[in-house]
Amino acid sequence: MTTQTQTVREAIRDAMALEMRANQDVFLMGEEVAEYQGAYKCSQGMLAEFGEKRVIDTPITEHGFAGLAVGAAFTGLRPIVEFMTWNFAMQGIDHIINSAAKTLYMAGGQLGCPIVFRGPNGAASRVGAQHSQCYASWYAHVPGLKVVSPWSAADAKGLLRAAIRDPNPVVVLENELLYGQAFEVPANEDFVLPIGRAHVERAGADVTICAHSIMVGKALEAADALAADGVGAEVINLRSLRPLDTEAILASVRKTNRIVIAEEGWPFAGIGAAISALVTEQAFDHLDAPPARVTGADVPMPYAANLERLALPQAADIVRAARGVCYV
Amino acid sequence: MPKEKPKNNVVALRKVPLPALEDMAALWRLMLLIRRFEEKAGHLYGMGNIGGFCHLYIGQEAVVAGISSAQAPQDTVVTSYRDHAHMLACGMPPGEIMAELTGRATGSSRGKGGSMHMFSRDHRFYGGHGIVGASTSIGTGLAFAHKYRGDGGVAVAYMGDGAANQGQVAECYNMAALWGLPVLYVIENNKYAMGTSVNRGVAGELYKRGEGYGIPGAQVDGMDVLDVRAAAAQALAHVRGAGGPFILEVMTYRYRGHSMSDPAQYRSKEEVKTYRTERDPIAALKARMLAAGAEEEAFKAVEREIKEIIAAAAQFALDSPEPEEGELWTDVVVGE
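Residue numbers (numbering that gives the first Met the number 0), protein chains in the order written: chain A, 0 to 327; chain B, 0 to 335.
Isolated chain B (complex conformation):
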């Protein structure tokens, strides 16, 4: 399967030189951490240790890895319900995320949020939102706060191809452009809004939807982490420099169903297989690193390290107690 052919972008993305091997290694490590975390989450879901909705990021790792690698420390992040990877990329401890998935007192929301509702002000991660499209408005508000405080930060607001059709997204494009808000809208186009393919749900091109507002946009291959990283760096530079929004549509693919309860019968097995075998972002980066002189043993060491991290996170998530019953009544309002 050939590489995603870039469309005629509203703004042209420059070709950039290959990053240093150690930078590529960091990207590879993060993508692998996300994949193994999600595989374990899927396993625990199957065992009945995780309940409710659980949306896995497997296949999309290059998006968040590439974008986060281009961010500055003061930047903030918000996303929708497929959020485990974004939290890992923000540096939240895997054990706390996994323990939230199992609904335990040691989870990042003390077991009261679940898969779709996690936050960490310390890591500048503002959720984890279960309502499709909400992350866009909230992210525009994070950008408003960056500008209000003049802290030089950019808000990275992720949404899916489905969310991009919400009315509030158009409302936010308008306000962000009007007020020059520092926000990078990242559209993770994984081709399916739950079971509705973009062909059936999206008119026109998502990255061009800012044109009428004067917001530049670009589309990039989301199965190639180096392309994502380069595009994100340019988009973020634009946001910081011009002091206004940018729309980056990242063409990606989820290998699993929309959520754990989705058998994904709306797409062919061949399509999934082709992406898995020919476009996998982790395998692709490894091949490029090997070609650039990386040693096979280095990959094995990272595999071992991550295996231990994930095993420890899962053990922590299973060993931790459920919240105490009194927790039912806490955190409803501040100060009571």
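So that you can see chain A by itself, here it is in the shape it has in the complex:
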């Protein structure tokens, strides 16, 4: 397979541009997406290529433009709504859940909402509590939504293309710290990844580590450290949180008999909590240790550098948890 090296932000831009070339009904709207080329430069060059009709700068008005985009999607247009960060989407969350996610059901299937809500999620760096929250479990909780959380540039490109083509509302949880990271991306013009499938990034026999978004990188780092000690970790990049690839997780646990779930979000009712419940309910007899969770600290994000580092799960925390479930 031929690949090219791309940053995550370039992959996101390419995914949107490819889908906009293919379908006139796709458009991008959000704060600073056009003239400014994206607050994080994820829409570089798109205004020049597609014009102001299809790359639309909005006022700072998340509630209004989230609802506006939902209305447009009800008619069959396919909006991509960029939130400057997911923290600001709380202003518009009513339309994501009450208007976008529930309407297909409330309409008895006759009126759907093909829309993508995307933007950076989770902690960036030293931006404090109001700009550093992971919304994975919030959106993954909601029937009617699909939720993806890419790690690599290939994830970002393949999952975003799938999200834009999907006839349902899809929440795409990106990560600001990953935007500038480079990865190998399949060069194939038709490259797309299915929503609902996890990917085994690294095979291993001794312990399963599940992670999404930026935690995949930390899980791989942890796996390297564990390998040096002779512990083989299997790292699953979840990619999709709703639907969750339960089969991939269960198959791995049946093989390794141990699981660590790493996430940046808070522990209570989090992604790790849901996966713990999944494996205890459906693979209990295969478990040789209780599932372990590595999560963000159960506090608002502090500003001080040392405290922020403590609040965020690190590779060392994953290593510690993996050793714990392996009793080594």
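Rather than coming from a laboratory, the hints here were simulated on the basis of the structure.
All values derive from a computational prediction rather than experimental measurement.
Every residue gets a Cβ at the ideal spot worked out from N, C-alpha and C, and that includes glycine.
Heads up, a few of these hints could be off.
[Said to hold, decoys possible] Listed next, the stretches of chain B that the computed footprint assigns to chain A, with coverage defined by at least 3 CB atoms under 8 Å from CB atoms of chain A:
#1 103-109
#2 120-134
#3 322-332
[What the hints assert, rightly or not] Reference excerpt, derived from the structure (chain B facing chain A, CB under 8 Å, subset only):
#4 G112
#5 I137
#6 G138
#7 T139
#8 G140
#9 L141
#10 F143
#11 A144
#12 Y147
#13 G166
#14 Q167
#15 E170
#16 N173
#17 M174
[Stated by the list, open to error] Footprint (simulated), chain B over chain A, 3 or more residues, beta carbon under 8 Å:
#18 85-97
#19 139-153
We have chain A already, so just place chain B on it with the hints.
Just chain B, lined up with the frame of chain A:
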């Protein structure tokens, strides 16, 4: 009780000649259809055949009848939770609406939406939304889609006087004006946001709230269907011509409580009685039609026809089966 005195509108509405008798007859028929439908819904609610929330439109018929009569076929409509009348005006079959109210498989949402959540893409009706203010943003999105496609349509986005205070309404006024979106915002001011009168909930005048954005507005008597129709025609012409939004505040009154569970003790019986006896939009139009030469027998024929339609709709709604249990799991996402 005197006719609602028009305020100094931001834009002046022209006086228009009386419509042809047959046009008035169509308005009268639609208003009567709405009233009899809602009376039947109230009856079925009382019998326990309809559950949950049920917000009746009785008293407000002239609003949707007048506005819809001025629309073009390509226009789209969205409203809030007091939505049965808007669906009837869009041409959705009364039986399907009533069957949705009774929670049956033949309802327009197959029994999964209920009173506040019905939709029909075929009839360009985009809900039926239970969250106060949401219809404004969604309606602005319908207008965005009209402009994007260049189909010449206008989105008619209804809201109540209560919804008009939501922050998203201001956000949408700004975007609609900024981008020249073809949207007619209709504020159905029935004087009470649930139990809070506009005197206690609204600062200033709702139809003037677009002024700062450069959006023209007007207020019209919503108990007079011909005034509503004339105002709507002018407002829609403005939207189509200027390619930008218009705010039409329609002064109306609901005879019943906010919902079926509301005894409406926040207003006097006299106030309700005065509106019912002196300002009723159906009686008022009939009087004008009689004066213009209509025959009493024609009204009786329409009464009989509508009585049959409503009886058939109710029977259909009661005879239809509940959704099959497997329906619990369908329509959550497309393609699964």
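Each hint, compared with the structure:
no., hint, in the structure
1, 103-109, "holds (count 4)"
2, 120-134, "holds (count 8)"
3, 322-332, "holds (count 4)"
4, G112, "holds (4 Å)"
5, I137, "holds (4 Å)"
6, G138, "holds (6 Å)"
7, T139, "holds (5 Å)"
8, G140, "holds (2 Å)"
9, L141, "holds (5 Å)"
10, F143, "holds (5 Å)"
11, A144, "holds (4 Å)"
12, Y147, "holds (6 Å)"
13, G166, "holds (6 Å)"
14, Q167, "holds (4 Å)"
15, E170, "holds (3 Å)"
16, N173, "holds (6 Å)"
17, M174, "holds (6 Å)"
18, 85-97, "holds (count 3)"
19, 139-153, "holds (count 3)"
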